[in-house]
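S.K.: Please arrange chain B on chain A, whose structure you already have, making use of the hints.
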Amino acid sequence: MTEVKTRLQEAGRLVNLPDRPFDRLVERRGRVRRRQRITTLTVGLLFAVGSLGGVGLLMSRLDDSSRDVGASWEPSRRLAIRPEEYFYLRVTSDEAEDGHIRHLETWWAPDGSGEVRNRSTRQDKYPYPPSGSYAEGEFPVEIRDVGELSTNPEELAAQLLDERWGWAGAAEPERVFNITALLNLEAPYATPQLRAALFEVASAADGMTVIDDARDPAGRPGIALETSERDGTDSATWRMYFDPGTHQAIAWTFESSRGGTAWVLVESAIIDTPGVAPEPEEWLAPPVEDAPPV
Amino acid sequence: MTAGPTLDAIEHNGPAEAGRDFEAFFRFEHERLFRAMWLLTRDPHEAEEVTQEAFLRLWERWDRFAESPDPVAYLYRTAMNVWRSRLRRMAVAARKVIYHARREDEMEDVEAKDVVVRSLASLPARQRAAIVLMDVLDLSSDRAGEVLGIRPVTVRVLAARARATLSNEIGAGDD
Chain A
1 MTEVKTRLQE AGRLVNLPDR PFDRLVERRG RVRRRQRITT LTVGLLFAVG
51 SLGGVGLLMS RLDDSSRDVG ASWEPSRRLA IRPEEYFYLR VTSDEAEDGH
101 IRHLETWWAP DGSGEVRNRS TRQDKYPYPP SGSYAEGEFP VEIRDVGELS
151 TNPEELAAQL LDERWGWAGA AEPERVFNIT ALLNLEAPYA TPQLRAALFE
201 VASAADGMTV IDDARDPAGR PGIALETSER DGTDSATWRM YFDPGTHQAI
251 AWTFESSRGG TAWVLVESAI IDTPGVAPEP EEWLAPPVED APPV
Chain B
1 MTAGPTLDAI EHNGPAEAGR DFEAFFRFEH ERLFRAMWLL TRDPHEAEEV
51 TQEAFLRLWE RWDRFAESPD PVAYLYRTAM NVWRSRLRRM AVAARKVIYH
101 ARREDEMEDV EAKDVVVRSL ASLPARQRAA IVLMDVLDLS SDRAGEVLGI
151 RPVTVRVLAA RARATLSNEI GAGDD
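So the sequences go chain by chain: A and B. Per my numbering, the first sequence starts with residue 1, numbered consecutively. Per my numbering, the second sequence starts with residue 1, numbered consecutively.
Quick caveat, the hints were computed from the structure, so don't treat them as lab data. All clues stand as given, with none of them false.
In silico contact screen, one side only, chain A against chain B (beta carbon under 10 Å); selected entries: (1) Glu3; (2) Arg7; (3) Gly12; (4) Leu14; (5) Val15; (6) Pro18; (7) Arg24; (8) Val32.
Built from N, CA and C at the ideal position, the CB exists for glycine as well.
Okay, chain A solo, but in the shape it has when bound (with noise of 0.2 Å):
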């Protein structure tokens, strides 16, 4: 046996073991079947709709349309967070397929300091940010370089092209696409100007679809930002939904051929206070009224 196999063989026995392996695949399993249920209820629906005179709605959603970056537009809410003001978020997913299911609320200050709550579950797997109360300059940031990236459209779309934010070589707009996901779900301290400038930057993308009028998983009206792939004879469609007043991202979907389905809901807000709901004039989008059955 070669030195390289040896070492090769006695590195993969250094590795644990996951624990429960076969139980963790028979609640997998379950959770799988019950998607698959949920799947064809949809579909089901989807049917029932365009038998209702709904295929004229649905075509309308597929329409590709791109947007010139930094197009003229004002948002129908401040988004400029004053000193003494938190920007409040609050994002929540269904069941991932590691049993992950996410709910998360930050409230953050340009200054660094703010307030985390998580209760997400899988904190083993996925422990940030932690919960607790930040002092200024103390905030959990993963993400370092946020704080660079420019509110201005066109410069952002230049400095989203460094390597560093990720995908370096993919083609667009999977790129771009993902570059926004991440700093919308993964950053809560991307202020809402930046938010609104990624939409800009996202939806101008090359063979980005558009989809003016669509309604994300909570049922609130966006626009939403759709990509997708095709591997063989499966598919997988991603969508990301912006608030239309104020380019704010509300949600975020995943849909495979194979049946699997995926949601995370965004909830936003400029507030005065940390560790405190919002008031209702306080969101920058509708927030969510009745969460999506998981």
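M.R.: Just chain B now, with coordinates in the frame of chain A:
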């Protein structure tokens, strides 16, 4: 590590050797596949995901494969397809960007100790797959070629290049 039979041994002895019952088959094969996927993915959580998904797809078709002489080949082939597919998936890529820098898991410990494993990360994905299949899972080049969907000679070339790179790294690392 459980000393499981090679793919050829299972083929020779028939599926009864591994057990026709799926749970028995799972318990017999899980550890070997998980450890190989860990070397391939360099992430224990990702290795678990790939391993579980491969077993799940096999389970869904178990009626067909329980009587087949080669459920292991289907399992490994599926695991490789799942791994390649997940490489492209947004969620995984996002987590790599976010979590890669701060992860402190077994792989980092192993990498710190072993230049071979550290160098494995720099190999192209196809070379990494070839050497893991041949040198960790002990597949013949014919079998590895079936799993990867490429010709046996190509597998041998890929694995040889990988071994050469790793051998050079061992030499440099031991200097």
